[in-house]
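Could you build the full structure based on these sequences and the hints that come with them?
In order, the protein sequences belong to chains C and B.
First residue of the first sequence: 1, per this note's numbering; consecutive thereafter.
First residue of the second sequence: 1001, per this note's numbering; consecutive thereafter.
By construction, these hints were calculated from the structure, which means they are not laboratory data.
Quick caveat, the model's predicted, so the values are computed rather than measured.
Please note that the accuracy of each hint is not assured.
Using C-beta positions, here's what the derived DEER-type ranges look like [stated by the list, open to error]:
hint: 1; chain 1: C; residue 1: 153; chain 2: B; residue 2: 1124; range: 28 to 34 Å
hint: 2; chain 1: C; residue 1: 106; chain 2: B; residue 2: 1025; range: 38 to 44 Å
hint: 3; chain 1: C; residue 1: 53; chain 2: B; residue 2: 1088; range: 56 to 62 Å
hint: 4; chain 1: C; residue 1: 6; chain 2: B; residue 2: 1112; range: 53 to 59 Å
hint: 5; chain 1: C; residue 1: 116; chain 2: B; residue 2: 1016; range: 45 to 51 Å
A virtual CB, placed ideally from N, CA and C, is assigned to each residue, including glycine.
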Amino acid sequence: MPTNRSYRLLSWLTWLFLLVAWALISNMGWVDPVILPSPQVMFRTAIDFVAAGYSNTPAWRHIGVSVMRTFAGLGGGILFGIPVGLLIGYYRPVNAILGPIFSFIRPVPPIAFIPLVILYFGIGEFPKILLIGIAAFLYIVLNTSNGVRAIPIDLIRAALNLGARPHQMIARVILPAALPQIMTGIKTATALSWAIVVAAELVAAQAGLGYMIMDASTFFRVPYVYLGIVIIGVIGIVLEWGTNVMEHRMLHWRGR
Amino acid sequence: MVSKVELRNVGQRFPSTASRGAGTLALDSVNLHIDEHEIVSLLGPSGCGKSTILNLIAGFATPTSGEVLIDGKQVGGIKPDRLVVFQSPTLFPWLTVMDNVTFGPRMRGEAAPTYKPLAEKVISDVGLERFRNHFPYQLSGGMKQRAQIARALINRPEILLLDEPFGALDAQTRLEMQQLLLSIWNQYRCTIVFITHDVEEALFLSHRTYILSPHPGRVHREVSMPFGRPRTLALFGDSTFSRLKGEILTALQRKLPHGEHVSELVQGDGEEKVVAAPPLTIIRRA
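Here it is in structure tokens:
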């Protein structure tokens, strides 16, 4: 009888298998060590990175800069996206006015805007944060307005019937009722922002994990490319875990 | 005396989804009245416009023709003096029972010391004292409807509009809820408009019942319930009760264009038989 524990064991075995296979392939010289560094080399690279950073910039700064850009952009996107989404979802004229703009911009991959924001704002912090902000904003507006439109009409009628005024409807009824879908939007936007920050740093940056990968590949410091990818992956998992915890805390009533 | 609620020649046409086309006639010259402190049922199959009538009284919609009057005046929008109890659970899922119940007073900016004691009272009136801090998802279907009734009562409504509130409950719970509603009425004496497709429910609860017929929705007949109050379960064994039930079922069936709606009306017990009606106690208003 398989139990949860035996399945978890199976997952750990996958990791173990990959690690052994990796050590074997790289140490036996089956693959050029420049393309695939061995676990020992990777371990030493990680220690070096923590101790000395990369290209005169400390490790915490590379990581911190990327995370900071993500949170700044994401925060802006959430701050503006939720109110705009609520208005679009609740008031049909607002939807009629703004809808066409959004349906045109939404299918454009945010990365396609990178050249434009560089052209307008150069390669400082602002254009990167703006790019992330726009992408997060679009996703949150979409999910928020869909969430509002999915609210049962009787719930809205009940609130109106009990005497809620327009501003109370928005803040006390529409917002919490749409919150489950808003959270879905925030989760998607978080993952997307993390992807975009890396993409933006690949193009134009002096620090950050994306910059490190790009720079390391240019100078053939392949272990740092791998290290950058692993760190990006781990932080991505942490972000997902964080948003999931937030969701369960805030939305204990969801789906019940 | 002016009726609490009156519908005069009310017609309601919904625009058709196609760009041309006359739309659907949901109500056709409906006339009815509900007196103060009266419990009146609107009984009929789906498509007879009973929920449309309720929406008009609540102010959720305006009629395409005719007048809807409250205390002799045109309905002026949505107001908490006419409160709807919905069939679907419309409690706010993110609020506890207590916060749901106090929603109305809080939105109107009343002070907590004013509404708190009242909240305790209405919550205990519907028997939810032990559940005041529960969330809606922790309540059974019947308890959710109790909470909805409490959320309405705290606003001291003059008119309570119930839209098939017990339709989704099991038979036992439904009976309990009907008795609860009667005891609530005994205490609060609000005017009650009760929508149902259950003949026994209409008979058990109301002073009068309007039988509606579908496509378009029209008032078919008006029936008075000659039973005293307080009403008890013994009423279900009463011979007049059974006779009236038979008459109403016959009236409903005769008016139906096709046979297919009958099963919907005679739901519940299978042994129901529609027999030829004895002399009618049905009355008609001029």
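How the hints compare with the structure:
1. C:153 <-> B:1124: 28 to 34 Å: 31 Å, holds
2. C:106 <-> B:1025: 38 to 44 Å: 41 Å, holds
3. C:53 <-> B:1088: 56 to 62 Å: 59 Å, holds
4. C:6 <-> B:1112: 53 to 59 Å: Holds, since residue 6 (chain C) and residue 1112 (chain B) (Cβ atoms, about 54 Å apart) stay within the stated range.
5. C:116 <-> B:1016: 45 to 51 Å: Since residue 116 (chain C) and residue 1016 (chain B) have Cβ atoms about 46 Å apart, the given range 45 to 51 Å holds.
Violated hints for the displayed structure: none, as all numbered hints are satisfied.
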